[in-house]
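**Student:** The chain contents come next:
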Amino acid sequence: MDFQVVVLAGGTTKKLVPLVSKEVPKALLPVANRPVLSYVLEQLELSNLKDLIVVVEGQDAALLVGAWISGAYVDRLHVEVAAVPEDVGTAGALRAIAHHLTAKDILVVTGDLVSDVPPGAVAAAHRRHDAVVTTMLCSAPVGGPAESGSSAGKDKIKKPRRYNIIGLDPAKQFLLHIATGAEVEKDIRIQKSILRAVGQMEIRTDLMDAHMYAFKRSVLQKILEEKDNFQSLKQDVLPYLVRSQLRSEMLLNGVSQAEEKGNVKVGSQDNHVVVSQILANASTQSFHELYASGHNGSASVRRIHKCCAYIASNNKYCARLNSIQAFSDINRDVIGEANHLSGYSFSTCNNIIHPSAQLGSKTTVGPHCMLGEGSQMGDKCSVKRSVIGRHCRIGSNVKVVNSVIMNHVTIGDGCSIQGSVICSNVHLQERVGLKDCQVGAGFVVTAGCEYKGESLARKEK
Amino acid sequence: MEARRGWRAVPKVRHVGFFTPNEPPPPARTQSGPPDSNSPPLSNSPAGNSLSPVMIPPPRHLSDNLAHRATSPLPVPETSAFRRPIPGGDRVAVVGSYNPTDSMLGASPPLTSPSSRIGDGEFSEESSPGWFRRSNSAKFASSFPGGGFDLTSIKSSETLEVEVKKPVEVPGPNIAEKSGVAGAELQTESQSSSKPLKAKTTKAERRALQESQRAAKAAAKGEATGKPAISSEGAATSKPVKQQPSRKKDALPAATSVAASDRKGVDRPPEKERKKEVPPPRMQFDDKNRVEKAKKRAVVNQTEARNRVELFRHLPQYERGSQLPDLESKFFLLDPMHPAVYKVGLQYLAGDISGGNARCIAMLQAFQEVIKDYSTPPEKSLTRDLTAKVGSYVSFLIECRPLSMSMGNAIRFLKNRIAKLPLSLSESEAKESLCSDINRFINEKIVLADKVIVRHAASKVRDGDVLLTYGSSCVVEMILLYAHELGKQFRVVIVDSRPKLEGQALLRRLVAKGLNCTYTHINAVSYIMHEVTRVFLGASSVLSNGTVYSRVGTACVAMVAHAFRVPVLICCEAYKFHERVQLDSICSNELGDPDAIAKASGRMDVNYVDNLANKENLQLLNLMYDATPLEYISMIVTDYGMIPPTSVPVIVREYRREHLWI
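Taken in sequence, the protein lines are chains A and B. Sequential numbering from 38 applies to the first sequence in our numbering. Sequential numbering from -11 applies to the second sequence in our numbering.
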């Protein structure tokens, strides 16, 4: 279909410290005991997209990701892993690999997307309107951060980055306005020209940019080349394209191009103009075309380009793993309500216990739980809505609720873990109490400690 | 049973489109009047006389295969004379009834016919007059005189054998069974007896005979078990299909009845040349088996709409709303689909492109892309592989939206060009020539044709005219603009209709160019018509009987114009002409989104039918096209000049070769 896929797998984001580390880049964070990147790759594979470019920030991370991909998808996918310097941003990452892009359209997906929305839908919407950029919007997580149970206004101030302000046309097909990042807090500035052309705009705050874009390659390359201060796709490139859609600075629109050519070469090309005229008259026109043809007759053809939006339906799951909160939310969802994503088959008790896992007597594992390969649990333990990784050793009388425990974790007797994330190779000694904590890889928690809402990690040397 | 038969015999017939009430019914399909009225059984049920042309012939009932012999010689005028005696069992008349067939069969039949009468009488008594009428109507409707004749002879000879063996009165089913057995045994004999009337029997004929006997046997057995109606119905439905070959053999080429459309290709070697000419029958969507089969092939997952209007069940109608997301999500999965074709299909499905010319151009341009990107796979020939490819794309496009006839013509042209490619051409040359052919088609058949039509039609616009047009036709728009450019002083009335409101776009463009316009809806057409001096209408297709197939509402406008004595000019490019004959807009039409008529856009307060979509007793009908009969049309403006609608066949005949550049 003449599409090229770029997966932006990121590197070791600061936002996810202490979960990520040099050994575990963001792309390899486990979600239900599978690296988060695998969700994207498998969704792409389902759509028959097997030639991928995975861009990773940082050489070491790239090596790790590359090693994992070649191990897991050796005969299924054809993946090229490209390493880019750290902190170049998403636009910078694309700029670095721009010369590899050859297809007509580029599908850019972030590596931390856990979703069952078919990427084809975005691509189809893109092609149907012959758009310059199409973005996927999904409904923003309703629960939001757990600690902010109060008013919505307060919520927004606290966590502005989770929300976008999005303007759509009445048919919900075109993107008219987008504010991301810090802009969300400022006043909304909407261009009069766009508003006048469309007539009506719907402003939504309940949608989230899912970071799956389809770009027209020529445009993307041009922007990346010309605007070298652009850092992020989401915060720079997309708003720029949306802003300039009615006064496009690049020769983007195929129709206007064709018409211009036709106007220059009269005579033989005359028929061509008639044909495009017939086509244009018979097709339902978006406001872009009406605007382009202009109210003042055919004085000048205005250059326009289209920015489309594909809104994922509500019954699809779509989330981005870009914060610690999101990490535990996604882990819970994937073994909970969105369990078709995990690819595991659930037992009758609605949980997954690997056959090699050993449970002590009177130990209960509730529904929506997962117990990895080779893990051992002592007596009288209780596990609720949690994911436990491979080869963990858990003592007796341990309570694990709403938590994620990665691989090779040792937990002493009598521990109580709630709402926490415990990374690989952590050692919890006896009677440790953790609530809403994150424990970095390899950390040792001494016996009898109680922590609440803290982030524990080893000091980097 | 009686009630059901009655229901079958009197189908609900609605005319869509317009028809003169005094139009004589097609002679071939109706029963000859006088004999029918004479015969008592028929006079009981007058519905039999008013068989409408749209009625699908009910399956012939075979339990009366003995009686059938009596009724089957329908082409012969004596039929009714024969039928009359049945209730009474008058034998003299019976002998008379045999005349046509028996005289040909030879000497033996007259001897045995009295005895056969006995069995017949029994049958006829237990089966109501309705049977006879139905079997008759089946015969008539299928309009295969020869076929009926043939069968008759066989049947009669076969029963004849039975009665030689058992001259005594036997219960009906018994006879039937025996007759099957005996028929099988004495097949050769019966055939030899039928030989005099046909020079030779072909394989197909023999096979048909065999199968008819088998069916008769099954029917008889079914009756013996005590369920006469059901089993024989089943046999009956299967039979007409199987008999097709034998009938068809001597049937006239013109005889393409409804029954003939679902013929199975058993074996019909002499058909081959003709088969090429006849386009494949449209899929009938009320045929469950075929729909199932088609679904398996389908690319787009579509669920059939539930509440469909009875008369239009043969047309595809799907639940809207689920198709587009489904097709979108499969974007990358449709491996062999070319992106350009996919895009066009998506635009058809979403309704982004409508209008015959635009759809045709979009499709041809997509095919051009396909050809440009095409490379012949190893060990395949370009001609064959590309034809298959184009075929698969076309079926994809049909799934997205049924093709218009103009597109059908364009596809035929393209396939023809592919097939006619000289073998000596290299691949790149072949691709080049095909692309230029497509360009030529677009330029000559659409763009240049439009220009010629515009010149012709503009000559009919005079100063002070009030021109009326309906909907949005691109040719009519060009005519109006051209006439305006010529400096003619005229006014335009644009008549529009819900739900598409296509006229508004046209209005906008015309007003922008400075034309003087009036905009109204079709409800007001009778009011506005009295000030109109000319009506210009576009067409989706012009059929060879002069019928114009166009956006629904066109027929209404034409009829009102006719009533007001306003000339109606149809503007249509000649590539949209089709040799098909269509009498109504039922058998071939397109169903639009029923929601579009159920909802009033922009009126939140009009929501009376909002929650009724799944009600059993509500059926929404959103027809897309209608057929305007030629009486309402004054002139058709084509690229070959201005012609009366009766001359369409001439254009079709004379220029078809040129159209396709065969």
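Keep in mind that the hints were calculated from the coordinates and are not lab data. In this text, a Cβ means the ideal position worked out from N, Cα and C, and glycines have one as well. Any given hint could be a false lead.
Listed next, with one range per pair, are the computed distances between beta-carbon atoms [claimed, not checked]:
no., chain 1, residue 1, chain 2, residue 2, range
1, A, Lys59, B, Arg372, 40 to 46 angstroms
2, A, Arg284, B, Val594, 29 to 35 angstroms
3, B, Pro313, A, Glu82, 16 to 22 angstroms
4, B, Asp583, A, His377, 27 to 33 angstroms
5, B, Tyr507, A, Glu117, 57 to 63 angstroms
6, B, Val594, A, Asp153, 45 to 51 angstroms
7, B, Leu436, A, Ser107, 38 to 44 angstroms
8, A, Arg284, B, His509, 35 to 41 angstroms
In the EDC-like style, the derived pairs of lysine to aspartate or glutamate whose C-alpha atoms are separated by at most 16 angstroms in a straight line are [stated by the list, open to error]:
no., chain 1, residue 1, chain 2, residue 2
9, B, Lys281, B, Glu298
10, A, Lys141, B, Glu357
11, A, Lys59, A, Asp124
12, A, Lys52, A, Asp124
13, A, Lys51, A, Asp153
14, A, Lys472, A, Glu491
15, B, Lys360, A, Glu491
16, B, Lys448, B, Glu432
17, B, Lys448, B, Glu415
18, A, Lys271, A, Glu491
19, A, Lys353, A, Glu491
20, A, Lys421, A, Glu491
21, A, Lys353, B, Asp314
22, B, Lys501, B, Glu473
23, B, Lys318, A, Glu82
24, B, Lys368, B, Asp314
25, B, Lys318, A, Asp153
26, B, Lys403, B, Glu367
27, B, Lys318, A, Asp39
28, B, Lys377, B, Asp361
29, A, Lys141, B, Asp314
Calculated from the model, a selection of chain A residues having no Cβ within reach of chain B, i.e. all distances over 10 angstroms [claimed, not checked]:
no., residue
30, Lys59
31, Asn85
32, Asp124
33, Ala161
34, Ala162
35, Thr217
36, Ala219
37, Thr242
38, Asp273
39, Val311
40, Arg340
**Student:** If a hint holds in the structure, say so; if it does not, say that too.
**Tutor:** Against the structure, the hints:
{"no.": "1", "hint": "A:Lys59 - B:Arg372: 40 to 46 angstroms", "result": "59 angstroms, violated"}
{"no.": "2", "hint": "A:Arg284 - B:Val594: 29 to 35 angstroms", "result": "40 angstroms, violated"}
{"no.": "3", "hint": "B:Pro313 - A:Glu82: 16 to 22 angstroms", "result": "21 angstroms, holds"}
{"no.": "4", "hint": "B:Asp583 - A:His377: 27 to 33 angstroms", "result": "30 angstroms, holds"}
{"no.": "5", "hint": "B:Tyr507 - A:Glu117: 57 to 63 angstroms", "result": "58 angstroms, holds"}
{"no.": "6", "hint": "B:Val594 - A:Asp153: 45 to 51 angstroms", "result": "38 angstroms, violated"}
{"no.": "7", "hint": "B:Leu436 - A:Ser107: 38 to 44 angstroms", "result": "59 angstroms, violated"}
{"no.": "8", "hint": "A:Arg284 - B:His509: 35 to 41 angstroms", "result": "38 angstroms, holds"}
{"no.": "9", "hint": "B:Lys281 - B:Glu298", "result": "22 angstroms, violated"}
{"no.": "10", "hint": "A:Lys141 - B:Glu357", "result": "14 angstroms, holds"}
{"no.": "11", "hint": "A:Lys59 - A:Asp124", "result": "15 angstroms, holds"}
{"no.": "12", "hint": "A:Lys52 - A:Asp124", "result": "13 angstroms, holds"}
{"no.": "13", "hint": "A:Lys51 - A:Asp153", "result": "27 angstroms, violated"}
{"no.": "14", "hint": "A:Lys472 - A:Glu491", "result": "8 angstroms, holds"}
{"no.": "15", "hint": "B:Lys360 - A:Glu491", "result": "63 angstroms, violated"}
{"no.": "16", "hint": "B:Lys448 - B:Glu432", "result": "23 angstroms, violated"}
{"no.": "17", "hint": "B:Lys448 - B:Glu415", "result": "48 angstroms, violated"}
{"no.": "18", "hint": "A:Lys271 - A:Glu491", "result": "31 angstroms, violated"}
{"no.": "19", "hint": "A:Lys353 - A:Glu491", "result": "33 angstroms, violated"}
{"no.": "20", "hint": "A:Lys421 - A:Glu491", "result": "21 angstroms, violated"}
{"no.": "21", "hint": "A:Lys353 - B:Asp314", "result": "14 angstroms, holds"}
{"no.": "22", "hint": "B:Lys501 - B:Glu473", "result": "10 angstroms, holds"}
{"no.": "23", "hint": "B:Lys318 - A:Glu82", "result": "12 angstroms, holds"}
{"no.": "24", "hint": "B:Lys368 - B:Asp314", "result": "33 angstroms, violated"}
{"no.": "25", "hint": "B:Lys318 - A:Asp153", "result": "13 angstroms, holds"}
{"no.": "26", "hint": "B:Lys403 - B:Glu367", "result": "21 angstroms, violated"}
{"no.": "27", "hint": "B:Lys318 - A:Asp39", "result": "15 angstroms, holds"}
{"no.": "28", "hint": "B:Lys377 - B:Asp361", "result": "12 angstroms, holds"}
{"no.": "29", "hint": "A:Lys141 - B:Asp314", "result": "23 angstroms, violated"}
{"no.": "30", "hint": "Lys59", "result": "35 angstroms, holds"}
{"no.": "31", "hint": "Asn85", "result": "5 angstroms, violated"}
{"no.": "32", "hint": "Asp124", "result": "32 angstroms, holds"}
{"no.": "33", "hint": "Ala161", "result": "4 angstroms, violated"}
{"no.": "34", "hint": "Ala162", "result": "6 angstroms, violated"}
{"no.": "35", "hint": "Thr217", "result": "25 angstroms, holds"}
{"no.": "36", "hint": "Ala219", "result": "34 angstroms, holds"}
{"no.": "37", "hint": "Thr242", "result": "24 angstroms, holds"}
{"no.": "38", "hint": "Asp273", "result": "28 angstroms, holds"}
{"no.": "39", "hint": "Val311", "result": "5 angstroms, violated"}
{"no.": "40", "hint": "Arg340", "result": "20 angstroms, holds"}
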